[in-house]
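Student: Here's the letter readout for the chains.
4 protein chains.
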Amino acid sequence: MALAFDVAGLTEYLHEIFPQVRDDFAIETMEENHLRMRLLTAERHLRPGGTVSGPSMFALADCAVYALILAHLGQEALAVTTNCSLDFMRKPAAGADLIGEARLLKLGRVLAVADVLIYSEGMAQPVARASMTYSIPPKR
Amino acid sequence: MALAFDVAGLTEYLHEIFPQVRDDFAIETMEENHLRMRLLTAERHLRPGGTVSGPSMFALADCAVYALILAHLGQEALAVTTNCSLDFMRKPAAGADLIGEARLLKLGRVLAVADVLIYSEGMAQPVARASMTYSIPPKR
Amino acid sequence: MALAFDVAGLTEYLHEIFPQVRDDFAIETMEENHLRMRLLTAERHLRPGGTVSGPSMFALADCAVYALILAHLGQEALAVTTNCSLDFMRKPAAGADLIGEARLLKLGRVLAVADVLIYSEGMAQPVARASMTYSIPPKR
Amino acid sequence: MALAFDVAGLTEYLHEIFPQVRDDFAIETMEENHLRMRLLTAERHLRPGGTVSGPSMFALADCAVYALILAHLGQEALAVTTNCSLDFMRKPAAGADLIGEARLLKLGRVLAVADVLIYSEGMAQPVARASMTYSIPPKR
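Protein chains in written order, with our numbering: chain A, 729 to 868; chain B, 729 to 868; chain C, 729 to 868; chain D, 729 to 868.
Pulled out of the complex, with its shape left as it was, chain A reads as follows:
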């Protein structure tokens, strides 16, 4: 399936529709069924002790998969998060950026399913794993 955007075009489009997250996330690489997104970790993403908060990890997983779906379906598409299941496995390094490796497992007519491994930059093993499901409303 050919992608509807390149990285620059998708980045620009995400900034337009989600201006409030433009300082939080950056698409690093993108190909069919895969997208790598970086959380540009800042003070507002941290818990006491300096590790990235659970809600920030969820936001990274959600944004990575949303971008990956848009990359496949194009900008007329909508996708609504219906389920997110997160396993928190290790403590991220204090203050480090997070890297989300999103993999699209199904892109159906009404549902999309993906998972995301989340890494703390500089650590070999993943800090968290997310499963995400999206409802794809019919085009208007």
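Hints listed in this document are in silico derivations from the structure and should not be mistaken for laboratory results.
Warning: the hint list may mix true and false statements.
Identical copies go unnamed one by one, so any copy, or any two together, can satisfy a pair.
As the list claims (entries may be wrong) - Under the rule of at most 25 Å between Cα atoms (straight-line distance), these lysine-lysine pairs were calculated in the PhoX-like manner:
1. Lys834 x Lys819
2. Lys834 x Lys867
3. Lys819 x Lys867
Let chain A serve as the given structure and place chains B, C and D on it in line with the hints.
Tutor: Only chains B, C and D this time, still in chain A's reference frame:
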């Protein structure tokens, strides 16, 4: 099981250990195995269109259950979120506070399990449902 | 929402469409948004040690919610399980029947969401908790 | 981490502790952090229409990860399933064996986390995805 805190005491303790969320959440009621927490919805919790974001719903569920575990185990206790599964079912009303109704299903020696129904104030049916699992490290 | 079946009628219909499970499950009570189903525990549902297996608990949760959706939508309806999340909290009593208390949280145009508390007969606290999501295909 | 068993030794040990599933599952390959298990699909695993049932997919995922944990920890180890989250994505081919590709993401002191992609033999894309969490009780 007698609770280790009353609402005022637990609120004070949460403000001390999580100063960055003191303006976000308020405990409304608390009894054995149940706690109701309010998300004081503000601009920073919203998505385009004015509805509360998924990460903010996760933060509400996580904070409600964390508080409920502390209420049972007291302030020497630790609890680390290990799994969160969220179903997003309806769109919250724009700008409305959210109410999380947390229910403790298991408080074991090493694991605690709870679920949370999340309501948008003024709507009868829940907007989201969360299942939460926590690891309870041994006391130091 | 008026139910499309009573207990006897729904039981008969389930036996017709799922003859292989007629000896496994019995609907105990049913009302709007709630259904209680019993797993008639037999040797084939057990693990070593005599407790009911995880797959048998999943089957109970799935069958209870499927029946609850049919009760609301009637026999022309289809429902396809898309997600199941199970928390196993306590060991069931050896050989005891299990009781599933299913609660419908959303019955939308394309998705239904429910949860189920599973009890081992004679124990006060639940042994497991399930969240279930179903896709509702358009009527033919 | 060196494995505590080879395929033949682990198969023999599983047959000894779970005699009731010896005709259901076969370990195909095993290496550090990965194990491939086959469900030897038979009439008892099927739903009307001939596709493998959800509970049978759960059993495959659970058995594959349990075997993978034992392969790392050895036969004195115990592992208790605490959470299972399954996404059902495609209909398996009627009557075909299923293949579970299990990947160990964390093997900690008290918790293990893994995921499993489930394939219907002969289909390129996965039919289901499972996330599994296990509690590791202290050795006696």
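Student: State for each hint whether it applies.
Tutor: Hint-by-hint comparison with the structure:
no. : hint            : verdict
1   : Lys834 x Lys819 : between (30 Å within a copy, 12 Å between copies)
2   : Lys834 x Lys867 : both (18 Å within a copy, 23 Å between copies)
3   : Lys819 x Lys867 : between (41 Å within a copy, 19 Å between copies)
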